[in-house]
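Construct all of the structure, not just a fragment, from the sequences and the given hints.
Residue numbers (the working numbering): 436 to 867.
One thing to keep in mind: the hints can contain errors.
Straight-line Cα separation of at most 25 Å, PhoX-like style, residue types lysine-lysine; simulated pairs [what the hints assert, rightly or not]:
(1) Lys675 x Lys800
(2) Lys793 x Lys675
(3) Lys793 x Lys829
(4) Lys793 x Lys698
(5) Lys829 x Lys800
Just so you know, the hints here were simulated from the structure itself, not pulled from any lab data.
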Amino acid sequence: MASRTNQRVLLGVALLCAAALPCADSSRLSAAESPSQPSVVTANFPTATAARLAGDGKQTRFILDLDQTVSFRVTTLADPYRVVVDVPQVNFQLGPGTGAGRGLVKAFRYGLVMPGGSRIVFDLAGPAKVTNSYVLEAANGQPARLVLELEEVDRAAFVPTPAPENRPELRSTIAAAPPATVPAAPEATPQKPGAPADGRPVVVIDPGHGGIDNGTQSSGESEKNLVLAFGLALRDRLEKAGKYRVVMTRDDDTFIPLNDRSKIARSLNAALFVSIHADALPKAEGDAQGATIYTLSDKASDAEAQRLADAENRADAIAGFNLAEEPTDVADILIDLTQRETRTFSNRFAHLLMGEMKSTVRMHKHPLKSAGFRVLKAPDVPSVLVEIGYVSNKGDLEHLVSEGWRSRAVGSMAQAIDTFLAKRMATAGAGN
436 MASRTNQRVL LGVALLCAAA LPCADSSRLS AAESPSQPSV VTANFPTATA
486 ARLAGDGKQT RFILDLDQTV SFRVTTLADP YRVVVDVPQV NFQLGPGTGA
536 GRGLVKAFRY GLVMPGGSRI VFDLAGPAKV TNSYVLEAAN GQPARLVLEL
586 EEVDRAAFVP TPAPENRPEL RSTIAAAPPA TVPAAPEATP QKPGAPADGR
636 PVVVIDPGHG GIDNGTQSSG ESEKNLVLAF GLALRDRLEK AGKYRVVMTR
686 DDDTFIPLND RSKIARSLNA ALFVSIHADA LPKAEGDAQG ATIYTLSDKA
736 SDAEAQRLAD AENRADAIAG FNLAEEPTDV ADILIDLTQR ETRTFSNRFA
786 HLLMGEMKST VRMHKHPLKS AGFRVLKAPD VPSVLVEIGY VSNKGDLEHL
836 VSEGWRSRAV GSMAQAIDTF LAKRMATAGA GN
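Following this line, the structure appears as structure tokens:
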């Protein structure tokens, strides 16, 4: 009963948060959407000088004037209906009153959402689809322009884009570029007719950050690149053994929303989800080193764990809430039981992983921690987040860029995965 009461309270808070988003100031992202506004404008960032809407309730066009072309990514969201445009960090120098609505757009807001990344959010009057989106280069005395064209549709025709199978990529754009393509979600290799289905356990490897989200940076190295190299090396090691189907949430420099990462694991009924990151400690907070393994918890194990979870969760803070289908009483209980079992398995794997890694790589003085990472919240997939080191520490950074260190760390992680899944498969087989 206590569990159900707590879930209802949390659901109520989430509903209030979701309801509050459309009411934010129409010209700037709210504090939750834009956690850190720079106090000094950096001249190297693109500058937006004007923004305007044209059209009516059937078709509406948005035009943003820029001093240089930019890459972008478009996402549509429902309940409430929104369009979200992610771009590299932009210096918004827009006039007073910018953000008022017209046609299909009730209002729009804009701002910085992470170092290196900005966002424009359009609150829609109803369901609409993006029929065209492109960037025009400066020509004939006219500035570069980002253009978005919207068309009214009914709810049945509206398809939100964040789902793994409909995820647009962050891409470079040039004059008269075609609309963004929509790649398919990771899929298994097609089976030949009559061939048995691939019954191997699925392991999902999730290199953090990507695209406009660089993650932490130091001495010219970006977290997004370091963890991608590590993730690819782990994938290659696991695939070589042939025991698992291995799926990457990203295998290139692509921004993937946090919710999409866990959805990929759930859609594939994954046996394990491993998210790879590399932390950095602000200079004012001293120095730290070594790898840390995190599991999900409603309450962070310490202040540092809470700081890290807050920073990671901030990357797509306005992704929205999907609370349209509140679970029934029976479903509530089943979800609670599933989550408890999943956390037990996650904790078991975390301890196994620590045991393997401590013999090959330097570990943090407190190597096992917990916090409320959104990327770990799949209720039915054992999940851990591994901070493989601190890019802010000179010794750790030297390891992170070393192929020899990476190979040793990947080997210990692969061994832990083997041990964990062998026990799980044996237990599952005994229960059949």
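(message) Hint check: lysine 793 vs lysine 675, CA-CA at most 25 Å. Holds or violated?
(response) Given pair lysine 793, lysine 675 holds - Cα atoms ~24 Å apart, limit 25 Å.
(message) Can you confirm whether the C-alpha distance between lysine 793 and lysine 829 stays at or below 25 Å?
(response) holds, 19 Å
(message) Check whether the Cα positions of lysine 829 and lysine 800 lie no farther apart than 25 Å.
(response) holds, 17 Å
(message) Can you confirm whether the C-alpha distance between lysine 675 and lysine 800 stays at or below 25 Å?
(response) violated, 33 Å
(request) Take a quick look at whether lysine 793 and lysine 698 sit within 25 Å of each other, Cα to Cα. (result) violated, 31 Å
Taken one by one, the earlier hints fail for this structure at numbers 1, 4, listed in ascending order.
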